[in-house]
Amino acid sequence: MAVKFFGQFLVEKGIVSREALLKAIELQEQKNLKFGEMALAMGYVTQDDITRAHHAQLSRDIKLGDLLVEIGILTLNQLNEIITRQKNNHLYIGEALVLVGALSNEQLQQHLDGFKADQAPYISDRVELPRGISNPEVWEMAADLTYKMITRVLGLPFRAGKCHTISTVATNFVMAAMDLSGEVDARFIISVSQELQKSVAKAILGEASVDNEPPEVLEDTVMEFVNVVCGNIAAKASQAGRIVNINPPVTIRPDVAGLAVPAGYTGLCFPILANEGETMQLVLFVKELGGKNL
Amino acid sequence: MKKVLVVDDSLSVARQLEKIISESGEFTCVGHAKNGAEAIKMNHAEDPDIICMDMNMPGMDGLTALRSLSMLDKEVKVVMVTSLGGVVDKFTEALKLGAKNVISKPFEADVVLKILRGL
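Protein chains in written order, with my numbering: chain A, 1073 to 1366; chain B, 2 to 120.
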């Protein structure tokens, strides 16, 4: 029901043991050279170049390869050659499991088919964003995955409105947020009306009625939904080689004037049109290039 | 009956897990800790057989608590129950630190019980 990677799927299903998976991961770690290791192995850089570049990276948000090109140690052609060799020599987890004897080639193909079917509901569909947003592919995926989780986890029928930029988030009954960091800097917010909060709570708690639940439990269910969505966004991002870290969820309570988008951030609003008259929104505060942290 | 300790800062997740565990008739839930530090204290007090623990919690997170629990108690079996299960690095780190399995959120009752029975 969640975004998974192949090794996790196999362990969860009991197809391979955790010990076999760990052995395969260790083999991957030995075989799959990092960019700097590959550049060294190909003789394009020295250990001193790498150390110098790592030092420069402490004050710059830039990939090692791009930095090595920028300071004239690598040419663009060499950069591309290294990346291509990394890709061509990459040992995938399925192949590693075959090499450690945990699966045969036939079993690998059979379970890959099962894995693809399991993950099919999470294949990304296109979401259109306004132009000029940093890391648009991450936010398109985040919005798409949120929609899919509303369907699969909450079981709510809805229609997605067009994404637009905002300067203030309208206040709503419950607003739960999670900060995302790593290769991105953003705040993810879900706001729901009172009736939709009950729908969220029923789905998360698996109860037919939540009329007797205390307010803190009802509020917690919205935070947990945000946690589930953001964790799965981090998982999907990691499959694309991107690092997205999450923090524990919080609730925010703006006054009636609403919540202003902080300076240095772009506010993206994705209206979610659920039951008649009930409002739900996904809002993202995405850091602009050069913007200050939240 | 095997004793299970639930560790999650979310009240609703704790409720879900406690329900799955107690309704199974095979396990009994001995408590709910809200972060890693509470988990270590409750592990000492309640001596559970199994701990179902979240990763992303305020205060001491799940992986830090797992590292400590692995050193303090060689008997207890820890299963991580987390929305970060699909993040390869987090999953791998959990297994390397001694977690017996990692269950992704949202989870299904039959998957949780199948994994607990296999421990």
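Just so you know, the hints here were simulated from the structure itself, not pulled from any lab data. Keep in mind that the hints are not guaranteed to be accurate.
Stated by the list, open to error - Below, in silico cross-link-like pairs of lysine to any residue (SDA-like), each with a Cα-Cα straight-line distance of 25 Å or less:
1. B:Lys20 - A:Glu1101
2. A:Lys1103 - B:Gly99
3. A:Lys1188 - B:Glu109
4. B:Lys75 - A:Phe1187
5. A:Lys1135 - B:Thr93
6. B:Lys78 - A:Lys1135
7. B:Lys97 - A:Val1282
8. B:Lys20 - A:Lys1188
9. B:Lys101 - B:Val31
Unchecked claim - Derived DEER-like restraints, expressed as beta-carbon distance ranges:
10. B:Leu120 - A:Asn1152: 32 to 38 Å
11. A:Thr1240 - B:Leu120: 25 to 31 Å
12. A:Pro1193 - B:Gly119: 24 to 30 Å
13. B:Val112 - A:Glu1200: 46 to 52 Å
Where a beta carbon is used, it is the ideal one built from N, C-alpha and C, also for glycine.
Each hint tested on the structure:
no.: 1; hint: B:Lys20 - A:Glu1101; result: violated (40 Å)
no.: 2; hint: A:Lys1103 - B:Gly99; result: holds (23 Å)
no.: 3; hint: A:Lys1188 - B:Glu109; result: holds (19 Å)
no.: 4; hint: B:Lys75 - A:Phe1187; result: violated (33 Å)
no.: 5; hint: A:Lys1135 - B:Thr93; result: holds (24 Å)
no.: 6; hint: B:Lys78 - A:Lys1135; result: violated (39 Å)
no.: 7; hint: B:Lys97 - A:Val1282; result: violated (40 Å)
no.: 8; hint: B:Lys20 - A:Lys1188; result: violated (31 Å)
no.: 9; hint: B:Lys101 - B:Val31; result: holds (20 Å)
no.: 10; hint: B:Leu120 - A:Asn1152: 32 to 38 Å; result: violated (48 Å)
no.: 11; hint: A:Thr1240 - B:Leu120: 25 to 31 Å; result: violated (50 Å)
no.: 12; hint: A:Pro1193 - B:Gly119: 24 to 30 Å; result: holds (26 Å)
no.: 13; hint: B:Val112 - A:Glu1200: 46 to 52 Å; result: violated (35 Å)
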